[in-house]
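J.: Just need the whole structure built from these sequences, with the hints factored in.
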Amino acid sequence: MAWTRNAVGDYSSTLIGAFPASKTFLMANAGSTVNGWGGIGVLVVSKRISDNVISVIVADAALSGQDNEMIGASIEIIVFP
Numbered sequence: 012m013a014w015t016r017n018a019v020g021d022y023s024s025t026l027i028g029a030f031p032a033s034k035t036f037l038m039a040n041a042g043s044t045v046n047g048w049g050g051i052g053v054l055v056v057s058k059r060i061s062d063n064v065i066s067v068i069v070a071d072a073a074l075s076g077q078d079n080e081m082i083g084a085s086i087e088i089i090v091f092p
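Residue numbering for the sequence shown follows this note's numbering, starting at 12 and increasing by one per position.
Just so you know, these hints were derived from the structure itself, not from any lab. Positions of the beta carbon are idealized from the N, C-alpha and C atoms, including for glycine. Treat the hints loosely; a few may be bogus.
Across the chosen pairs, the derived CB separations fall in these ranges [claimed, not checked]:
1. 73 with 33: 32 to 42 Å
2. 87 with 32: 15 to 25 Å
3. 18 with 84: 10 to 20 Å
4. 72 with 33: 29 to 39 Å
5. 54 with 15: 17 to 27 Å
Below, computed lysine to aspartate or glutamate pairings styled on EDC-like, alpha-carbon distance capped at 16 Å [what the hints assert, rightly or not]:
6. 58 with 87
7. 34 with 71
8. 34 with 87
9. 34 with 62
T.: Okay, here's the thing in structure tokens:
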């Protein structure tokens, strides 16, 4: 799986055919302690884009994209048979 930084706070992962519709579960959390936030006020959205791509968006309370806010965070991807 290859991760790409598309823009500030916008990441995608590509793996051909790995994320089929209705069978892919994503969960991500903000585990950062950058600037003393401790993940508070950080929005993390993960979603399936296609059978080949998933996306993770990280933003602050003003919905501005943020880098470095997922230090110590977890991303879980489950693909059901």
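J.: Work down the list of hints and note, for each, if the structure agrees.
T.: Evaluation of the provided hints:
{"no.": "1", "hint": "73 with 33: 32 to 42 Å", "result": "holds (34 Å)"}
{"no.": "2", "hint": "87 with 32: 15 to 25 Å", "result": "holds (18 Å)"}
{"no.": "3", "hint": "18 with 84: 10 to 20 Å", "result": "holds (18 Å)"}
{"no.": "4", "hint": "72 with 33: 29 to 39 Å", "result": "holds (32 Å)"}
{"no.": "5", "hint": "54 with 15: 17 to 27 Å", "result": "holds (20 Å)"}
{"no.": "6", "hint": "58 with 87", "result": "holds (11 Å)"}
{"no.": "7", "hint": "34 with 71", "result": "violated (29 Å)"}
{"no.": "8", "hint": "34 with 87", "result": "holds (14 Å)"}
{"no.": "9", "hint": "34 with 62", "result": "holds (10 Å)"}
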